[in-house]
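Participant: Sequence:
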Amino acid sequence: MATSALRIGVAGCGQAARIHVDRLLGQPDVEIVGCADSVAEAAQALADRVGGKTGKAPGVFAEVRELINLAPDALAIFTPHRFHYRQAMDALQAGVHVFIERPLSTNAQEAADIVNLARGRQLKVGVGHQYRLRPSLIEARTRLAAGAVGPLRLVTAVKSEPWLSQQEQRGAESSWRFDPKAAGGGLLADAGSHLLDALLWTTGRAAHEVFAAQSRLASGLDVVTAAAIGLEGGAAATLALSGVSSGRLFELNFFGERGRIHATDQILEIDSGDVGSTQRVELPPPSETIDDNFLAALRGLEPLSCPAEDALETVRLGEAMARSAAAGEVVRLI
Numbered sequence: 056m057a058t059s060a061l062r063i064g065v066a067g068c069g070q071a072a073r074i075h076v077d078r079l080l081g082q083p084d085v086e087i088v089g090c091a092d093s094v095a096e097a098a099q100a101l102a103d104r105v106g107g108k109t110g111k112a113p114g115v116f117a118e119v120r121e122l123i124n125l126a127p128d129a130l131a132i133f134t135p136h137r138f139h140y141r142q143a144m145d146a147l148q149a150g151v152h153v154f155i156e157r158p159l160s161t162n163a164q165e166a167a168d169i170v171n172l173a174r175g176r177q178l179k180v181g182v183g184h185q186y187r188l189r190p191s192l193i194e195a196r197t198r199l200a201a202g203a204v205g206p207l208r209l210v211t212a213v214k215s216e217p218w219l220s221q222q223e224q225r226g227a228e229s230s231w232r233f234d235p236k237a238a239g240g241g242l243l244a245d246a247g248s249h250l251l252d253a254l255l256w257t258t259g260r261a262a263h264e265v266f267a268a269q270s271r272l273a274s275g276l277d278v279v280t281a282a283a284i285g286l287e288g289g290a291a292a293t294l295a296l297s298g299v300s301s302g303r304l305f306e307l308n309f310f311g312e313r314g315r316i317h318a319t320d321q322i323l324e325i326d327s328g329d330v331g332s333t334q335r336v337e338l339p340p341p342s343e344t345i346d347d348n349f350l351a352a353l354r355g356l357e358p359l360s361c362p363a364e365d366a367l368e369t370v371r372l373g374e375a376m377a378r379s380a381a382a383g384e385v386v387r388l389i
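Letter by letter, the sequence shown follows residues 56 to 389 of my numbering.
Don't read these hints as lab results, they were simulated from the structure. Being a predicted model, the structure only gives us computed values, none of them experimental. Treat each hint with caution, since some may be false.
What the hints assert, rightly or not - Listed below are the simulated EDC-like cross-link pairs for lysine to aspartate or glutamate, each with C-alpha atoms no more than 16 Å apart in a straight line:
hint	residue 1	residue 2
1	K179	E357
2	K111	D84
3	K179	D145
4	K179	D128
5	K179	D347
6	K179	D365
7	K108	E86
8	K108	D128
9	K111	D145
10	K111	D77
11	K108	D84
12	K179	E364
13	K179	D168
Stated by the list, open to error - With beta-carbon atoms standing in for the labels, derived distance ranges:
hint	residue 1	residue 2	range
14	R313	R335	32 to 42 Å
15	Q148	S327	48 to 58 Å
16	A117	P340	35 to 45 Å
17	A112	Q334	50 to 60 Å
18	A201	R335	36 to 46 Å
19	E324	A117	49 to 59 Å
20	E287	A71	38 to 48 Å
21	D329	G383	36 to 46 Å
22	A201	Q82	26 to 36 Å
23	G205	I322	14 to 24 Å
24	E287	E343	26 to 36 Å
25	A112	L338	34 to 44 Å
Think of the CB as a built atom: it goes at the ideal place given N, C-alpha and C, for glycine as much as any other residue.
I would like the entire structure built from these sequences, with the hints used as guidance.
Facilitator: Okay, here's the thing in structure tokens:
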């Protein structure tokens, strides 16, 4: 794509959209052409925010299809998960590139439909799994691929944050209803999707089977998930998600035959197995945001950090975990 101004439409105008729009406007030659939200006040507030920064307020729409009719170069989707599929498909049918704040969609079949349509139309779909751009995880992936700790045998992945209290404060939990065999809502799809993607991406291995247990509220909202996962190449992984903890934690441990790599969203440590051998790796600052990457990919300057094909695998694993927990049995993915 040429380096002329990129025309971006925004679907869903809440807090996430405001953060991403500020980043987009921090880049040259980007124009926000429209803001769509079923809540008119939200769309107008974001349009006013853009106008205040650029001197040119974008159009305001109640329906995303009306925004797509403007023929933007790309549609950035920040709506609730259940709307991702239809809005992405409508944009792709109209020849518009898409950015979707994770997850890609609410189930694997919908996610596969998006991937196949984008491939058929030769359009880009980027997904907001921004942990791929954290220097700690980039370095962990590089060292694992280089065999820094020998053959990989075990991965432990943990994420906790006070997610449940956030939902209760918004008064949302009582009105939400979830399919217990889907991964399109709740902790697993929201906070957990970053951990799932980080696990698959850093190891470079697909999941082939999973056994999971979940704690859910009466509405079906999952607040705790624990899983044992079989990865390609014979490695095993354990995963734990908690939305009931008071503190926040994100960490991955990679155990090889010659040591361990410990990664959080901020630090990386290498342990060779000897007493006192743990080494903290000096990391560079983040080089770009997920929004910078999407714009660069549209201009043909670099590949997408997380293309839809990769995000599909995260949706597939999340769905398999939810199905396993609901059925109380192992679910095979491949």
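Participant: Quick one: which hint numbers does this structure break? Sort them smallest to largest.
Facilitator: Per hint list: 8, 9, 14, 18 and 20 violated.
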